[in-house]
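With the hints as extra help, turn the sequences into a complete structure.
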Amino acid sequence: MAMLHKMITLRQLSLYWIQISILCLFSSILHAQQFDQSYQSWKTQQQAHDQRLKASSSTADYYLGKPSLENTSATSKKSSSKNNFSKNLGNKINLNTASTQELQQLNGIGEKKAQAIVDYRNQNGQFRSVNDLLNIKGIGSKFIEKNKSNLGL
Numbered sequence: 001m002a003m004l005h006k007m008i009t010l011r012q013l014s015l016y017w018i019q020i021s022i023l024c025l026f027s028s029i030l031h032a033q034q035f036d037q038s039y040q041s042w043k044t045q046q047q048a049h050d051q052r053l054k055a056s057s058s059t060a061d062y063y064l065g066k067p068s069l070e071n072t073s074a075t076s077k078k079s080s081s082k083n084n085f086s087k088n089l090g091n092k093i094n095l096n097t098a099s100t101q102e103l104q105q106l107n108g109i110g111e112k113k114a115q116a117i118v119d120y121r122n123q124n125g126q127f128r129s130v131n132d133l134l135n136i137k138g139i140g141s142k143f144i145e146k147n148k149s150n151l152g153l
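Following the working numbering, the numbering of the sequence shown begins with 1 at its first residue and continues without gaps.
Hints are all accurate, no fakes.
List of simulated lysine-lysine pairs, DSSO-like, C-alpha gap at most 30 Å:
| # | residue 1 | residue 2 |
| --- | --- | --- |
| 1 | K137 | K112 |
| 2 | K113 | K142 |
| 3 | K92 | K142 |
| 4 | K113 | K148 |
| 5 | K92 | K137 |
To be clear, the hints were calculated from the coordinates, so they are not data collected in a lab.
And the structure:
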């Protein structure tokens with residue numbers, strides 16, 4: 001009888017195990033179905049949104065032009081003031097009397113080089129020749145060639 005009781009218990013245990021496995025399987029299937037339904041709902045919403053975007057974008061044509069450095073405010077102010085100054089230059093920039101702002105109007109001269117020219121002039125006296133600029137660090141013959149028509153004494 002004890003053996004029979006053990007067999008029944010093992011049999012019941014096997015049946016319980018099968019039932020639990022079936023319940024887990026059905027639970028997984030149910031969960032997968034719920035996931036599929038929510039995914040399908042999301043996908044439908046996304047497709048509707050995409051259609052709205054396509055409809056609105058087809059009515060308005062957008063063209064983004066290539067950005068240029070000349071359109072930035074700092075660059076345009078600097079270049080326009082240089083161009084205006086160069087155009088208005090009927091006479092040359094006098095190296096012996098020009099301020100740093102005037103010197104900055106020359107091609108290739110920024111604030112530091114303009115200040116270096118003024119410092120050189122203050123330390124060594126007036127320029128005797130445009131070629132005296134070659135004694136200043138950072139100024140070479142190419143600069144003199146580019147600006148020859150705008151430089152004077």
